[in-house]
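Could you build all of it, start to finish, from the sequences and the hints given here?
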Amino acid sequence: MNVLFTNVGRRTYLIEYTLDLIRQDGYDINVFVADVSIDTAAFYVSKEVTPVITPFVSGNEENYLSELLFICKKNKIDVVVPLMDFELPILSENKDKFLASGTKCWVSDFEVIDNCLDKKKSYDWCSFNGINVPRSYWSFEEALEINSFPVIKKAILGSGSIGLEIIRNPQEIKKVDFGVYFLQDFIEGREIGMDVFNDFHGAFLSAHFREKITMRAGETDKAKSFNDKAFYKMAQHLSSRFRHIGNMDVDFLETENGEIYFIDFNPRFGGGYPFTHHSGLNYLKAIIDISMGREAEFSTTPNEIVGMKGIKLYFYEK
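The sequence shown begins at 265 in my numbering and counts up by one.
Hints were generated in silico from the structure; no laboratory data involved.
C-beta atoms are modelled at their ideal positions from N, C-alpha and C, and glycine is treated no differently.
Just so you know, not all the hints are guaranteed correct.
Said to hold, decoys possible - Pairs of lysine-lysine, DSSO-like flavour, derived with a Cα cap of 27 Å:
1) K418 <-> K573
2) K488 <-> K384
3) K486 <-> K476
4) K439 <-> K488
5) K311 <-> K488
6) K582 <-> K476
7) K439 <-> K384
8) K476 <-> K311
Claimed, not checked - Simulated restraints on C-beta separations:
9) E375 <-> G290: 22 to 30 Å
10) I477 <-> K338: 40 to 48 Å
11) A560 <-> P315: 54 to 62 Å
12) A467 <-> N521: 17 to 25 Å
13) I569 <-> G427: 16 to 24 Å
Here is the structure:
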């Protein structure tokens with residue numbers, strides 16, 4: 265089986281997990297990784313990995329699509345695992361083209377992608393479906409109704425924590441460009457990341473949780489994973505509403521009173537996935553197994569771990 269990770273960047277751990285399937289579990293997998301530059305860490309995880317260069321996605325979607333389709337046909341790619349927000353819409357709209365060439369692109373339907381990445385659509389969709397989210401303000405006139413500070417400024421089409429800012433003074437609202445940003449009530453509580461894994465047809469298979477300890481550059485840096493039956497049922501409910509494909513990285517807040525506020529939905533592998541993986545839930549293996557026509561298996565008692573990301577240097581000689 266030939267597996268391609270697109271816009272792989274620094275997600276070297278996903279490549280290492282795939283190599284573990286080859287070395288430890290005997291899987292017959294050829295690993296391909298794609299990005300826009302040879303100066304990409306994941307290209308140098310192992311000589312067993314085949315790197316390919318793709319065009320930038322943003323502002324260049326059709327060219328990116330045609331090049332990726334060519335790469336998949338040339339290398340007889342069986343499975344594509346996309347890893348960057350900005351490529352998801354174009355891949356979602358064209359996943360039938362990949363499937364026609366024998367490539368399963370693990371990306372959700374366009375409506376799901378659109379409702380996750382566009383924060384305004386996400387807010388409206390959650391409100392309609394009874395999913396609790398912090399009150400948000402989409403214009404200067406709406407922001408005049410804010411009665412307590414601080415509030416959070418977020419990008420409507422942002423990725424990670426780009427553009428995120430805490431607004432502490434009402435006068436700062438005048439500086440907000442509401443065509444690009446919106447404001448959201450600041451909620452006190454513990455921040456929890458959740459991976460919700462569905463099969464290739466959007467049916468729920470598994471979920472796991474981690475309480476965030478520290479963040480770095482918009483990703484979970486330290487966290488402790490845990491099991492929770494109530495949250496598991498909540499994950500099943502979200503799965504049934506979204507019907508996403510593969511992994512969805514979800515962030516929510518739990519207040520002292522036990523109230524839940526969802527703040528982010530990322531329909532892909534996120535920076536918190538290693539905590540789920542090392543707890544004993546191998547969603548990457550599940551993708552491979554399902555794509556091979558096998559049944560995915562998951563531990564019924566995942567380990568509860570405390571995890572901390574470190575730094576490793578990848579390089580090549582000029």
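We went through each hint and held it up to the structure:
no. : hint                      : result
1   : K418 <-> K573             : holds (26 Å)
2   : K488 <-> K384             : violated (31 Å)
3   : K486 <-> K476             : holds (6 Å)
4   : K439 <-> K488             : violated (38 Å)
5   : K311 <-> K488             : violated (33 Å)
6   : K582 <-> K476             : violated (39 Å)
7   : K439 <-> K384             : holds (20 Å)
8   : K476 <-> K311             : violated (34 Å)
9   : E375 <-> G290: 22 to 30 Å : violated (39 Å)
10  : I477 <-> K338: 40 to 48 Å : holds (44 Å)
11  : A560 <-> P315: 54 to 62 Å : violated (28 Å)
12  : A467 <-> N521: 17 to 25 Å : violated (33 Å)
13  : I569 <-> G427: 16 to 24 Å : violated (32 Å)
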